[in-house]
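A.B. asks: For the sequence shown, counting from 1, position 309 maps to 309 in UniProt numbering; every step adds exactly one.
Note that these hints are calculated values from the structure, not bench results. Do not take every clue at face value.
Claimed, not checked - Each pair of labels, with its calculated beta carbon distance range:
#1 V472 - R123: 41 to 49 Å
#2 D220 - L510: 47 to 55 Å
#3 P552 - D232: 45 to 53 Å
#4 D322 - R239: 30 to 38 Å
#5 D220 - Q112: 28 to 36 Å
#6 E525 - D232: 51 to 59 Å
#7 L252 - P552: 39 to 47 Å
#8 R239 - V150: 34 to 42 Å
#9 K305 - E471: 12 to 20 Å
#10 A424 - D346: 22 to 30 Å
For glycine and all other residues, C-beta sits at the position ideal for the given N, C-alpha and C.
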Amino acid sequence: MRTSETADVWWKSAVVYCLDVETYLDWDGDGYGDFAGLTQRVDYLADLGVTCVWLMPFYPSPERDDGYDITDFYSVDPRLGTLGDLVEFVRTARDRGIRVIADLVVNHTSVQHPWFQSARSSRDSPYRDWYVWRDEPPANASEGVVFPDVEDSVWTYDEEAGQYYQHQFYRQQPDLNITNPAVRNEIARITSVWTQLGLSGFRVDAVPFLLETGAVPHGDEKLPRPHDYLRDLRTFLTRRDGGVTLLGEVNLPYDQTAEFFGSADGDELTVIFDFNGMQALWLAMARQDSSPLVHAVRARPEPPKDCQWATFVRNHDELTLDKLTLSERQEVFDAFGPKKSMQLYDRGLRRRVPPMLDGDQDRVRLVYSMLFALPGTPTLFYGEEIGMGEDLRAEGRMAVRTPMQWTPEPNGGFSPPGVEPARATIPEGDFGPEQVNVRDQRRDPGSLLTYLRTLISRYRECPELSWGSAEVLETDAPGVLVLRNDWERGTVVTLHNLAADRVDVTVPLLWCEPGSRVVDLDTTEEWPVPEDGSLHLSLGRYGHRWLRVLGPRDRMLV
1 MRTSETADVW
11 WKSAVVYCLD
21 VETYLDWDGD
31 GYGDFAGLTQ
41 RVDYLADLGV
51 TCVWLMPFYP
61 SPERDDGYDI
71 TDFYSVDPRL
81 GTLGDLVEFV
91 RTARDRGIRV
101 IADLVVNHTS
111 VQHPWFQSAR
121 SSRDSPYRDW
131 YVWRDEPPAN
141 ASEGVVFPDV
151 EDSVWTYDEE
161 AGQYYQHQFY
171 RQQPDLNITN
181 PAVRNEIARI
191 TSVWTQLGLS
201 GFRVDAVPFL
211 LETGAVPHGD
221 EKLPRPHDYL
231 RDLRTFLTRR
241 DGGVTLLGEV
251 NLPYDQTAEF
261 FGSADGDELT
271 VIFDFNGMQA
281 LWLAMARQDS
291 SPLVHAVRAR
301 PEPPKDCQWA
311 TFVRNHDELT
321 LDKLTLSERQ
331 EVFDAFGPKK
341 SMQLYDRGLR
351 RRVPPMLDGD
361 QDRVRLVYSM
371 LFALPGTPTL
381 FYGEEIGMGE
391 DLRAEGRMAV
401 RTPMQWTPEP
411 NGGFSPPGVE
421 PARATIPEGD
431 FGPEQVNVRD
441 QRRDPGSLLT
451 YLRTLISRYR
461 ECPELSWGSA
471 EVLETDAPGV
481 LVLRNDWERG
491 TVVTLHNLAA
501 DRVDVTVPLL
511 WCEPGSRVVD
521 LDTTEEWPVP
531 EDGSLHLSLG
541 RYGHRWLRVL
551 GPRDRMLV
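Turn these sequences into a full structure, and let the hints steer you where they fit.
C.D. replies: Laid out in structure tokens, this is it:
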């Protein structure tokens, strides 16, 4: 039963769609995507079933890290449009029932940011203590390097400043000093401005790095409990708008990740990405055995009442496998990215899902069915709905950040004919625009786009998946994952066969009362629940089924 309470906590049942304005649609023909183009595609997103758009950085930037090196937190990059264009997009999206969140990248700035330019100019600069400085780098300066292919230290000497500054990411991204109250106040102002302009929250970038104070002299004294800051930021935003969400990037073991929800009431991050579950899914796919995913579902801590996990099968970065053992990681590499050119930092894959699965539509659809069936808030990366591939000619993570493919025409319909996009489109081949594009798929009943649209609709009709409790049901088929999800009087059971062989499965429905029945939500086929509670079904290669269990007095619409 849906109530005003469930509507207020909108993120628990959202369908999140991540996109980069720069690569979505070039409306003015200058080679860069823009907010005017994105606004033109709001109805496409609404038709797909998206309820929340997550914008990758759109702020002014020298683009040394695809926009994550920011020079002004209060503006829109002129290549992408104006503040007015952004507000028009947000207004149009809201009119279609779509909320908008944006990347909050405040662990660091660009070296070109006026704050850093002032900080490096003098030790007396009011911004000097906004960054982390040392006269000499620590002995462990090479530990914790995030991008080992580019950096060999997290400290770089600045000639003008006469000191070393810390950068946990690239050297062109000096870290902000979170122990400085002025920095914390500035971050609050940044979030306040964007929520006033209509944003419904933020995807908080690199949260553990943001709260790391170990390199700051006496950092543990200046900010003895870093989580208190995250709690204060959540409180600040909630006072201004109770519907604001903080979606956090926290890639740590489950027990450490859960700490970022805060107290039992959930007073820090509202939603956290399930990196552990994502990696377990790909290990299970490589083995064609559901056991790793079963273990992850059972090991994942229950979030606080109004909080949620976000599920995904790949994001805008490399498909990281860093929480797997070296041997497990190699299994996934061997199955889905055996060439070195497909791998990144020895810990992940710079590939999209369809090429990883050799274009096998049965397996592709299995993966996305699991994405929506696993308990949590499903998150898609733009182009996943049509099965876009990657461009391994591009450097690093940019391989999966190619222009959206709208039509089979030159440039994939991203830029007008005759305009060279600022970022190259995927070359001709199985995943080029000629073969994979929105125009051809949107009216094809057998296309991946149509399948995803139907899948999203089915997910929205099953509040048990986002609001309920999940339980793994035991079967005698190791390749099959069976999940039971309950919420109030409703029960949904999903089955996924990760193996290439057809399999017969016995689904234990021992809790059902006499007179109950089971409805297949895809085919609408019905069966009475047998007296012994054992329902026998067949699943094809990589097959999957979503079932609703209905008691004799249930009134759910199927």
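A.B. asks: Which constraints among the numbered hints does this structure fail? Numbers only, ascending.
C.D. replies: Of the numbered hints, just 1 does not hold.
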